[in-house]
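For the record, the sequence lines run as chains B and F.
Counting in the working numbering, the final residue of the first sequence is number 257, and the numbers go up one at a time with none missing.
Counting in the working numbering, the final residue of the second sequence is number 261, and the numbers go up one at a time with none missing.
Because the hints were derived from the structure by calculation, they are not lab data.
Some clues are possibly wrong.
Stated by the list, open to error - Derived EDC-like pairs: lysine to aspartate or glutamate, alpha-carbon spacing no greater than 20 angstroms straight-line:
| # | chain 1 | residue 1 | chain 2 | residue 2 |
| --- | --- | --- | --- | --- |
| 1 | F | Lys135 | B | Glu50 |
| 2 | F | Lys218 | F | Asp168 |
| 3 | B | Lys93 | F | Asp59 |
| 4 | F | Lys234 | F | Glu198 |
| 5 | F | Lys218 | F | Glu26 |
To be verified - A few chain F residues facing chain B, derived, Cβ under 7 angstroms:
| # | residue |
| --- | --- |
| 6 | Met82 |
| 7 | Phe84 |
| 8 | Phe129 |
| 9 | Tyr133 |
| 10 | Ala219 |
To be verified - Label-pair restraints from in silico Cβ distances:
| # | chain 1 | residue 1 | chain 2 | residue 2 | range |
| --- | --- | --- | --- | --- | --- |
| 11 | B | Arg250 | F | Glu130 | 16 to 26 angstroms |
| 12 | B | Lys93 | F | Gly181 | 21 to 31 angstroms |
| 13 | B | Phe105 | F | Thr22 | 30 to 40 angstroms |
| 14 | F | Ala185 | B | Leu251 | 37 to 47 angstroms |
| 15 | F | Gly107 | B | Val21 | 25 to 35 angstroms |
| 16 | B | Glu100 | F | Ala244 | 41 to 51 angstroms |
| 17 | B | Asp155 | F | Ala118 | 23 to 33 angstroms |
Note that CB positions come from ideal geometry on N, CA and C, so glycine has one too.
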Amino acid sequence: MTPLKPIAPGRKAVLGIAFFVVFVAVWAAATLGGFVSKTFLADPLTMVREGWDLFAKFGFAGDIAITVWRVLGGFVLAALCAVPLGIVMGAYKPIEAFFEPFVSFARYLPASAFIPLLILWAGIGEMQKLLVIFIGSFFQLVLMVAMAVGSTRRDLVEAAYTLGASARGVVRRVLLPSAAPAIAETLRLVLGWAWTYVIVAELIGASSGIGHMITDSQALLNTGQIIFGIIVIGVIGLISDFAFKWANQRLFPWSLA
Amino acid sequence: MSKLAIEGVGRTFPGVRGGNPTVALEPVSLRVEDNDFITILGPSGCGKSTLLRIVAGLDTPTTGRVMLDGAPVAAPGADRGMVFQSYTLFPWLTVRENICFGLREKGMPQTEQREIAAHYIGRVGLAGFENHYPKMLSGGMQQRTAIARALANDPKILLLDEPFGALDNQTRALMQELLLGIWEAEKKTVLFVTHDIEEAIFMAGRVVVMSARPGRIKADVAVDLPHPRHYTLKTTPEFSALKARLTEEIRVEALKVAAAA
Chain B
1 MTPLKPIAPG RKAVLGIAFF VVFVAVWAAA TLGGFVSKTF LADPLTMVRE
51 GWDLFAKFGF AGDIAITVWR VLGGFVLAAL CAVPLGIVMG AYKPIEAFFE
101 PFVSFARYLP ASAFIPLLIL WAGIGEMQKL LVIFIGSFFQ LVLMVAMAVG
151 STRRDLVEAA YTLGASARGV VRRVLLPSAA PAIAETLRLV LGWAWTYVIV
201 AELIGASSGI GHMITDSQAL LNTGQIIFGI IVIGVIGLIS DFAFKWANQR
251 LFPWSLA
Chain F
1 MSKLAIEGVG RTFPGVRGGN PTVALEPVSL RVEDNDFITI LGPSGCGKST
51 LLRIVAGLDT PTTGRVMLDG APVAAPGADR GMVFQSYTLF PWLTVRENIC
101 FGLREKGMPQ TEQREIAAHY IGRVGLAGFE NHYPKMLSGG MQQRTAIARA
151 LANDPKILLL DEPFGALDNQ TRALMQELLL GIWEAEKKTV LFVTHDIEEA
201 IFMAGRVVVM SARPGRIKAD VAVDLPHPRH YTLKTTPEFS ALKARLTEEI
251 RVEALKVAAA A
């Protein structure tokens, strides 16, 4: 192997899939071979069967739908507030000086620790779930968007000024398009984090959703269902990741090497 | 009245962490007439780029002022087009969109924008590359687009800060002829900063030589070589005589820089 040397796309896909195969094989060997007790870890076959039951008997599709809705709802709300704020912070230094210290502080407040408070304020309805995701995503998004906008190449800004651009023109026609790919990448990253917050929110005080199903299964010691739930989250995450990457490639063809 | 009047323009940068302030530019005065092609020649760090940035309005002088058509320059504007040494095309815009950037900012109708862009794309020999993104172009093509972008705005004066500095020798020679051809055809007022002696003579009607830091004007040499100029001019005795003279002027300054370092 040579450092940093790219590999052919076909080989890349084969290697990527190979690890999934190895992973499942080790898991199957450990469980079906009897090295691990069924109480602690279900084998792959049981998991698939339990997964089938979840869909057929327990309406798991509804749980998935409600969880996806919560993630998207909370995340879109956070993005709608955070992206504009991040842009003005990145563009205008006094605004950044005003908000940045507080946002940096708030970013370290764990969203999950707010759950008891949020239950107190918003009950255990949908608003509470959305707020957990909002708190978890908003501050991260603001800082990363501000950084993306603030790191615009200065010489491009100067070139725009010598072409007669106004301050607003520079924000609209230089800072925004220059930062757009990095902002899209930030959204992709933070959406992944939003998925961890939604499950935490559903583990406490929920009557539906993937997280709620996992708590229910824990009470019944059904590790097959728990693992199936976790894997479903992983698959949805992978799909949304691919969708983002695909969209970014089409939206920003100029930024690719 | 001169097109551009630089009147006692000096620039001192404040000291970093309580250090001594740096005098980048001692008060400099220079008059540029309409349709002049003036090159500013000097060793690295002589403040020639600082002077150009002040004319562009991207930097503020500590002393003095810059007058363009009798009005003082306070901020950057479309009346002074600039081409930078670094590649400053907007990577998210195509060649045509880059050239139309300033026109769009003025609110010009699309059809008119395209006509002007087409004219300058032809001028810099980039026909067929209108829809290419900058990353698909060579360095020379990017700088040609940057020149077209600055010219499309129809500025009163064109400022060039070592525009061919990052290009290889062959491309650089071709670019010099191309720019000179455009100047001969369009009759623009040009201020061109370079540290290359041959380039300074070949392009200019006047070469302004600057001293090592702190920068000031050391010599102002008229280049009375005929136009249109062809690359073979560089091998004529008149050219060589000028080159010998300017080489001596610059060498003294370069030695000062080396001694100070």
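Hint-by-hint comparison with the structure:
1. Between Lys135 of chain F and Glu50 of chain B, the direct Cα distance comes to roughly 52 angstroms. Violation of the 20 angstroms bound is thereby established for this hinted pair.
2. Of the supplied pair hints, the one linking Lys218 of chain F and Asp168 of chain F is violated, its CA atoms being roughly 29 angstroms apart against a limit of 20 angstroms.
3. Taken as a hint, the Lys93 of chain B and Asp59 of chain F pair is honoured in the structure, with Cα atoms around 19 angstroms apart against an allowance of 20 angstroms.
4. Annotation: proposed proximity of Lys234 of chain F to Glu198 of chain F holds, straight-line Cα distance about 8 angstroms (limit 20 angstroms).
5. Distance check on the hinted pair: Lys218 of chain F and Glu26 of chain F sit about 11 angstroms apart at the alpha-carbon level, within 20 angstroms; holds.
6. A distance limit of 7 angstroms between C-beta atoms decides the matter here; for Met82 of chain F the minimum to chain B is near 4 angstroms, and the interface restraint holds.
7. About 6 angstroms separates the beta-carbon of Phe84 of chain F from the nearest beta-carbon of chain B, less than 7 angstroms, and the hint is met.
8. The beta carbon of Phe129 of chain F comes no nearer than 14 angstroms to any beta carbon in chain B, farther than 7 angstroms, and the hint placing it at the interface is violated.
9. Checking Tyr133 of chain F against chain B by beta carbon gives a least distance of about 5 angstroms; that is within 7 angstroms, so the hint holds.
10. A hinted interface residue such as Ala219 of chain F counts as satisfied when its beta carbon comes closer than 7 angstroms to some beta carbon of chain B; here the least separation is about 28 angstroms, so the hint is violated.
11. Taking 16 to 26 angstroms as the suggested C-beta distance range, the pair Arg250 of chain B and Glu130 of chain F conforms, at roughly 21 angstroms.
12. The supplied range of 21 to 31 angstroms is broken by Lys93 of chain B and Gly181 of chain F, whose beta-carbon atoms lie about 44 angstroms from each other.
13. Taken as a hint, the range 30 to 40 angstroms holds for the pair Phe105 of chain B and Thr22 of chain F, whose Cβ atoms sit roughly 38 angstroms apart.
14. For the pair Ala185 of chain F and Leu251 of chain B, the supplied restraint of 37 to 47 angstroms holds, since their beta-carbon distance comes to about 40 angstroms.
15. The hinted window of 25 to 35 angstroms between Gly107 of chain F and Val21 of chain B is violated, with their beta carbons roughly 60 angstroms apart.
16. Between Glu100 of chain B and Ala244 of chain F the beta carbon distance is about 58 angstroms. The supplied range of 41 to 51 angstroms is therefore violated.
17. With their beta carbons about 27 angstroms apart, Asp155 of chain B and Ala118 of chain F fall inside the hinted range of 23 to 33 angstroms.
The earlier numbered hints that this structure contradicts are 1, 2, 8, 10, 12, 15 and 16.
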